[in-house]
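**Q** Here's the letter readout for the chains.
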Amino acid sequence: MSIPNELRPDLARIASWIAPGTRVLDLGCGDGELLAHLHEHKQVSGYGVEIDMAGVIGCVARGVNVIQRDLESGLAGFEANSFDYVVLSLTIQSMRHVKAIIDEMLRVGRTGIVTFPNFGYWENRYQLALGRMPVSETIPYQWYNTPNIHLCTLNDFDALLSSHGARITSQMVMHQGQRITFLPNLLGSLALVRFEHQ
Amino acid sequence: MTHDPHSIGIVSAQCAVFDEPFPLQGGAVLPGFQLMYETYGSLNANRSNAILICHALSGNHHVAGRYAEDDKYPGWWDTMVGPGKPIDTNRFFVVGLNNLGGCHGSTGPISINPVTSKPWGAAFPVVVVNDWVQSQAKLADRLGIEKWAAVIGGSLGGMQALRWTVTFPHRIRHCLTIASAPKLTAQNIAFNDVARNAILTDPEFHGGDYYQHGAIPRRGLRLARMLGHITYLSDEGMGGKFGRQLKGEGGYQFNYETEFEIESYLRYQGDRFADVFDANTYLLMTKALDYFDPARHFGGSLPAALATTDAKFLVVSFTSDWRFSPERSRETVKALLDAKKSVSYAEIESVHGHDAFLMTDEPYMQLMHAYLNRVADEVQA
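Residue numbers (this note's numbering), protein chains in the order written: chain A, 54 to 251; chain B, 58 to 438.
No wet-lab data here; the hints were simulated from the structure.
Note that CB positions come from ideal geometry on N, CA and C, so glycine has one too.
There are no misleading hints in this set.
DEER-style ranges, computed between Cβ atoms: (1) Ala364(B) - Ala129(A): 16 to 26 angstroms; (2) His94(A) - Pro420(B): 23 to 33 angstroms; (3) His63(B) - Ile104(A): 23 to 33 angstroms; (4) Gln96(A) - Gln82(B): 38 to 48 angstroms; (5) His354(B) - Ala129(A): 18 to 28 angstroms; (6) Glu190(A) - Lys129(B): 52 to 62 angstroms; (7) Gly141(B) - Leu236(A): 54 to 64 angstroms; (8) Ala129(A) - Pro226(B): 23 to 33 angstroms; (9) Asn103(B) - His217(A): 46 to 56 angstroms; (10) Asp123(A) - Ala364(B): 24 to 34 angstroms; (11) Lys95(A) - Asn101(B): 28 to 38 angstroms; (12) Glu419(B) - Ala129(A): 22 to 32 angstroms.
Chain A on its own, in the form it takes in the complex:
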């Protein structure tokens, strides 16, 4: 008997947003965990994009198509409107060209899905109120060694999407793998947003 692989909770939530038989582009796909799951359970086809060689080799070992490239240089090589979904999971907060990647996601895909650590989470606010930079489960770095250069709150991200003419079709927050419905921008440490062209 095989035990099904437990998908990371945020990836499981993303997977639940993706319809069977569709084409998915997973940006910053790591070792291809999400795409392997989607391929197996939802007959989804597509590609991952990853800069790190270990991730690329991990994808190849799982049989996941992966294109090695730096997301900061955009998605040249991918045709407009060639994917049903473009996923950017826990990556945007460490990217330099945030607006450019949102534009690229809207260009190549019909639906975008972005997940990021919600800086508005109460614990972050509390640590700031005490006069220190927040260090938490979703932002586990000190200010001097963090790769995160573009942290934002759920509300900030909503505003950014509207400025790109994108419409939010679904959003939720989670904490420790559980969905949070009450006061999301305060009680959720991880934000998931799904959006489309206006």
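We have chain A already, so just place chain B on it with the hints.
**A** Relative to chain A, chain B alone:
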């Protein structure tokens, strides 16, 4: 000699003879031809585990192993092919051949033309990559291989692998094209032209019929190889290995003798190559490179050329390769994405320039291992 468990060990070459006339893309018809080849590993019962290795400009059928225990060098891709290596001969049946027009036993300019009973020389027709693929398919038929598990090649070899998916879109499961390009740029053709000119203007060339004159255009071939070799290395790699080191003591000599280490190295490479390679074959191989453009018969559209194949692709480039730069591999990848093909692409950090495809940079070996492991599982090797 100690036994290396990761070497295929002692191997021997075979020869396949094809008697029927073989029309070439350039319009000429060869009355027949022979191909030298080697095989490693064994073909499984459902004949699904065969891998074809396509060689680059100077390669041949001796891909792995040694002919004798005391051979100084093993086959040219012994690091990649063998028991437990990425192209694992415990799982795959591996075929390497010397391409048509080669100078290692397959029919080529140094072979005897049956019509004249003299070496073909200048009369040997120009062959293109697609002619090679057609002749390789005849070898596959002969070996009882309907569909390759994979066709793999670096540089010019990668072009053959790519061409397989266009010419025989359903006879190849996986195409691995490494440090290659969908067609050459003007700069790349220009390098080939200078190399050819070195040979063509050598007084010993005799219009290509130097065999009858008991001559060898050695100087031209040597220069061609020296030029080529520069373009196969990166500035960084060359600098790291040789820098500005001088051969002798005592500083600059203020003459034109071989003085810097790099000069000595290039001359050695040129000499060694001129000893074992044929100038006409060199001309022919570089021309095949120049002509390669599978999109040409598809209105210039590479995605259209690749549309019908059911092959899956692995495209690999190396960061310091400027002769076949990552940019050129990305063109292949873009065409495959546009054609909605199954493709993975890796850009390997390496200081080895174009030659990196023959080297053993760890991520490269791991990647090849991972990919071919999947292929072996897929074909139940």
